[in-house]
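Undergrad: So the chains spell out like this:
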Amino acid sequence: MKRDPALLIAVALGGLALLFPLGAASWTAAPLSLALWLAMAAAAIFQMLRPLPTARAFGLLGIATLTGGFSLLKLVETGASGGEALALWTGLASLFFLVWRLLERASMLSIEHPGVATLIAAPLIFGVWLLYVWQMLVTGFEVPGVLLPAPSVIWSAILAARETLAADFVQTFIKAVIPGFFIGCSAGFVTGLLVDRVPFLQRGLLPLGNLVSALPIVAVAPIMVMWFGFDWQSKAAVVVIMTFFPMLVNTIAGLDALGRMERDLMATYAASYGQTLSMARIPAALPFVFNALKINSTLALIGAIVAEFFGTPIVGMGFRISTEVGRMNISMVWAMIAVAAVAGSASYGLIVLAERRFTFWHASFRKP
Amino acid sequence: MMTASTLLASSGGLIRRAARGTALPVAAILLLALAIWYVGTVFLNASVVTDQYQRDGKTVWTTGELIADTMSMERPVLPAPHQVAAELQKSIFGVKLTSKRNLLYHAWVTFSAAFIGFAFGNLLGIALAIAIVHVKSLERALLPWVIASQTVPTLAIAPMIIVVLGSIGFVGLLPKALISTYLCFFPVTIGMVKGLSSPEPIQLDLMRTYSANEMQMLRYLRLPASLSFLFPSMKVAMALAIVGAIVGELPTGAQAGLGARILAGSYYGQTVQIWSALVAASILSGASVGLIGIGEGWLSRHFGGQA
Amino acid sequence: MTTERQEDAVSPKSGGIPAVEVRDLSLVFQTADAPVHALSHVDLTIAKGEFVSFIGPSGCGKTTLLRVIADLQQATSGTIQVNGTSPRAARLDRAYGYVFQAPALFPWRTVERNITLPLEIMGLNKTEQKARAKRVLDLVNLSGFARKFPWQLSGGMQQRVSIARALSFDPDLLLMDEPFGALDEIIRDHLNEQLLDLWRRTEKTLVFVTHSIPEAVFLSTRIVVMSPRPGRIIDIIESPLPRERTLDIRETAEFAQIAHRVREGLKAGHSYDDR
Chain R
1 MKRDPALLIA
11 VALGGLALLF
21 PLGAASWTAA
31 PLSLALWLAM
41 AAAAIFQMLR
51 PLPTARAFGL
61 LGIATLTGGF
71 SLLKLVETGA
81 SGGEALALWT
91 GLASLFFLVW
101 RLLERASMLS
111 IEHPGVATLI
121 AAPLIFGVWL
131 LYVWQMLVTG
141 FEVPGVLLPA
151 PSVIWSAILA
161 ARETLAADFV
171 QTFIKAVIPG
181 FFIGCSAGFV
191 TGLLVDRVPF
201 LQRGLLPLGN
211 LVSALPIVAV
221 APIMVMWFGF
231 DWQSKAAVVV
241 IMTFFPMLVN
251 TIAGLDALGR
261 MERDLMATYA
271 ASYGQTLSMA
281 RIPAALPFVF
291 NALKINSTLA
301 LIGAIVAEFF
311 GTPIVGMGFR
321 ISTEVGRMNI
331 SMVWAMIAVA
341 AVAGSASYGL
351 IVLAERRFTF
361 WHASFRKP
Chain A
369 MMTASTLLAS
379 SGGLIRRAAR
389 GTALPVAAIL
399 LLALAIWYVG
409 TVFLNASVVT
419 DQYQRDGKTV
429 WTTGELIADT
439 MSMERPVLPA
449 PHQVAAELQK
459 SIFGVKLTSK
469 RNLLYHAWVT
479 FSAAFIGFAF
489 GNLLGIALAI
499 AIVHVKSLER
509 ALLPWVIASQ
519 TVPTLAIAPM
529 IIVVLGSIGF
539 VGLLPKALIS
549 TYLCFFPVTI
559 GMVKGLSSPE
569 PIQLDLMRTY
579 SANEMQMLRY
589 LRLPASLSFL
599 FPSMKVAMAL
609 AIVGAIVGEL
619 PTGAQAGLGA
629 RILAGSYYGQ
639 TVQIWSALVA
649 ASILSGASVG
659 LIGIGEGWLS
669 RHFGGQA
Chain D
676 MTTERQEDAV
686 SPKSGGIPAV
696 EVRDLSLVFQ
706 TADAPVHALS
716 HVDLTIAKGE
726 FVSFIGPSGC
736 GKTTLLRVIA
746 DLQQATSGTI
756 QVNGTSPRAA
766 RLDRAYGYVF
776 QAPALFPWRT
786 VERNITLPLE
796 IMGLNKTEQK
806 ARAKRVLDLV
816 NLSGFARKFP
826 WQLSGGMQQR
836 VSIARALSFD
846 PDLLLMDEPF
856 GALDEIIRDH
866 LNEQLLDLWR
876 RTEKTLVFVT
886 HSIPEAVFLS
896 TRIVVMSPRP
906 GRIIDIIESP
916 LPRERTLDIR
926 ETAEFAQIAH
936 RVREGLKAGH
946 SYDDR
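Residue numbers (the working numbering), protein chains in the order written: chain R, 1 to 368; chain A, 369 to 675; chain D, 676 to 950.
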C-alpha cells in the first residue's frame, strides 16, 4: 500500500531531529519538548500507516502540528539556537511537510463541507504557519531586533502601546480612510452614471482615467496639506483622489457590460432610461463596481498612510511608522504594520462578503 | 479637383469622425481641465492677493490686476499652469544638463531605481509564473505565498525597509529598487500565471497530437498566448515601481530624486517646485506606461492581434 | 417561382386589421465598402392568428425584418404597420412579445422574477404579477421552477422561461428569432410540439424566424421564403397542412412536397451558392 511520501519525509526528518545536535541545549534537558515531539511523531506515523478520512485526518494532523510546533518553541527557550542546532532546522523542515498535508486536508474540507469556517481555515493555518516560521527563524538565529523583531516581541509591543496604536488607527483609518473611501467611490460611481448619458465625455474620460491610475497620485499629499491643513482632512482628500478614478473607470466599463440582446429586450418592453438603468444595467455593472471597491480598499489604506509621510500632526499610522523608524524602534513599526495589515484584510474581507451577497449570480462564483 | 464645397464637406466628415473616436473627446476634456485649473488659480489665490493689497495699503484694484497678480505669486496656494511650465523649463533648460540641480537629473535618479526594480520584478514574476504553471504542486505551494506577500502594505513600510537596509550598509539606489521589485513582481506573476494558463484545452490537445514536449508548448503556445496578459500587468507594475521609488526617497531625507524634490518643496514652502516635480513625476509615469503600451501595440499587430 | 408574388391572403378566422402590414419596405445601410441592401422592396401581410415563418440563409434579411416589425431597427423606405399603428407606437403599447436567439434571462433574478420583469416595468401590482407568472409557467410546463435561478436550468428550459416571459403580459403578437437554434434536435422537436400546442390554445399571432426547413414547414400556416443580396421575399407558401398536427406529419408526402417547394425557392434565390 502506498504511504504518503510527504508524511514519510516528515517522520524521517522528525527522527533525524532527535539524533542531530542542538547546540547549547539537548533533548534530555528539555523533557517537555521531547514528549511533545514524540507525540507528534506518533500522530504522523499513525496517519501515515492508517490514513483517516478528511475531517479526522485534519484533526490528527492539526494536533501533530501543534505539539511539534510547541516542542520546537520550547527548545529554543532552553537555549538551542544558531547554525549548530541542526536538529532545530531539521525539525522545522519536518513540520513543513506536516503543514503541507494539513493545508491539503483543509482545502478538501472546504470543498466537502462548504461554509465560512472551512473557507477561512486554510488561509488562517497558512498565516499562522508563516508567523511561526518567522518566530522560529528570528529567535533561532538570534536576529537583532533592530533588523527584524520576532512576532512575540511585536505582540508585546502592541500590548504595551495599545492606546497610542488605537489613537493612530482612529486618526488614519476612521477619520481619513473611511470618509475618503466613501466619498471617492461614490463620486466615481455617480460621475460614471452622469457621464453615461454623454457618450462624448465617456470616450474622453475612460482613457484619461486609465492614464491617471498610472500616475503617482499619493505625491499630491503636500498640496493637500497646503489646502486642507495638516490634519485628517488632507489625507482624506488624497484618498478621495486615489479612489475616484478606479471607480469611475470600472463604473463606465460596468454600465457597458449588459449585452445587446438584453438591451433590446428592455426596448421591447418600452422601458424608460431609468428603468433600464436600475433593473438591468446597474445589476450587470455590479461585478465591475466590486472589483473597483476591492482595489480601492487597498489603495485607500496605503494612500492615507503614505500621505502622512509628507506631514501630519502628532498622531496617525503613517506618522507613527516614520517617526518610530527614525528612532530605530523597529518593533513599534511592526506593531503599527500589524494593525494596518489586520485593518486592510478585514475591510477587504468585508467587501468580498458583500460581493458574494450581491453578485452571487456571476459566472466566477459558480463551480464548473 | 477639390472644390471648396467638397473640401468643406469632407472636413465636416473628418470632424464628425474625430468626435466619434477618442482623440477629440480626450483633447476636449484636457482643455476643460486646463480651463478649470486657471479658474481655480484665480479663486484660490484671490484672498491671499487681496490680503497683500490691504497690507500694501492698496484700496482699489481692477479685476484684471487681481487676475494677473493671482497668476504670478511667488508662493501661491495654486500655481497657474504657465507658472508650472515656466518652472519646469527653468529647472530643465535653465540649469546645466549635467548639474545635480537639473530636474532631469532627479527624474533620472528616480527612474533608474524604478526601472531596475521593474526589470527584476518582471524577471522574478515571469520565472515564478512559469514554475507555477509547469509544476502542479508548486501552484498550491507558491501561490498562497505570492498572495500573502501583498498583505504587507509595502509602500507603508518603505521607510522601514530603507532605514533598516541603510543600517546594514545598503544605501542609495538598491533599497529603492528592492521596494520597486517587491511591488512589481505580484501583478506580473498573477498576470503571467493567467496568461500561461489561458490556452484552451483543445489547443493544448492539438499540441499533444504533435507530441510536443513542455518546452515546445511553452514556446509555441503558452508564451505567445500570455503576452496579452503580460502587458497590462507590466503597465501596472511600471506605475507601482515609480511610486515605490518616489516613496522610497522620503524617509532618509534623500537629496536626489523626484520624491526628494517634492518633500523639499513642502518643507520650504516652495509650492511651484512641488508642482513642477509632480508634473515631472506624472510625465515620467505616463511616458513609461505609454511606452509599454506602444510596445504592446506593436507586438500585438505583429502577432495578428485585433487592435 | 420568382414571378409568383405574394397573395394577400387574410385568414377567414378573424378579419379586420392585419397584425402586420408591410408595403415596399427597404432597409439600406452604408458600410466602408458598399451599401448593403438588407431588405429590398418587401411586401407582406400577416393576419391575426396566423403562424408565419421566415426562412432563408444568413443575410437574407429575415431577422432584420423581424426587428423592423419590433421597432428595434428602422426601415429606410416603405411603410409598415403593426396592429394598425406604427411599430414604435406598437412597441410603446407593449403590443408584442419578443423571444431572442438566446434566453437573455437576468442571472440575478429567479425564474419567477425574470417572468415578472415586463410586468414590473408596466407597473402591475405584486399580486397580479405573481398570478400571471404562475399562469404562464404552467403554460410552458415549468410549474415547480419559480424559485430557481436561470443557471440551474438546462438550455431548453431557459428558453421556455423566455417564452413564458414573452407571454406574461398577454400580447396578441409574438415575435421569435430562431429561439430553438442553440438546442439539440431532440429537445427542439419537443419544444416545437409544445409551441404549436401553445399557439393553438392561446390563438396568438406568431412570427417565427428560422433557418431549419423542417421546423418552418412543421410549425407554420404560411412560410415566407427569403433570399440574400439583396434581402427579399422569393416565395410565400400557404400551408395546406391541418392546424392539428403531430410530429408524425413530417413523414407524410405532403410535408415533403412543401419542403421541396421551400428548397426550390431557396435555390432560386441562390441561397445554396458559394459566397
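Treat the hints as calculated values from the structure; they're not laboratory data.
Glycine is no exception: its CB is placed at the ideal position from the N, C-alpha and C atoms.
Honestly, I wouldn't trust all of these hints.
[Stated by the list, open to error] Straight-line distance between alpha carbons at most 25 Å, and here's what the computed DSS-like set of lysine-lysine pairs gives:
no., chain 1, residue 1, chain 2, residue 2
1, A, K504, A, K458
2, A, K458, A, K468
3, A, K468, R, K2
4, A, K562, R, K294
5, D, K801, D, K823
6, D, K823, D, K809
[To be verified] Heads up, incomplete: computed chain R residues facing chain D, CB under 10 Å, no partners named:
no., residue
7, E104
8, S107
9, M108
10, S110
11, I111
12, M261
13, A270
14, A271
15, W361
Undergrad: For this structure, which hints from the list above don't hold up?
TA: Of the numbered hints, 1, 3, 7, 8, 9, 10, 11 do not hold.
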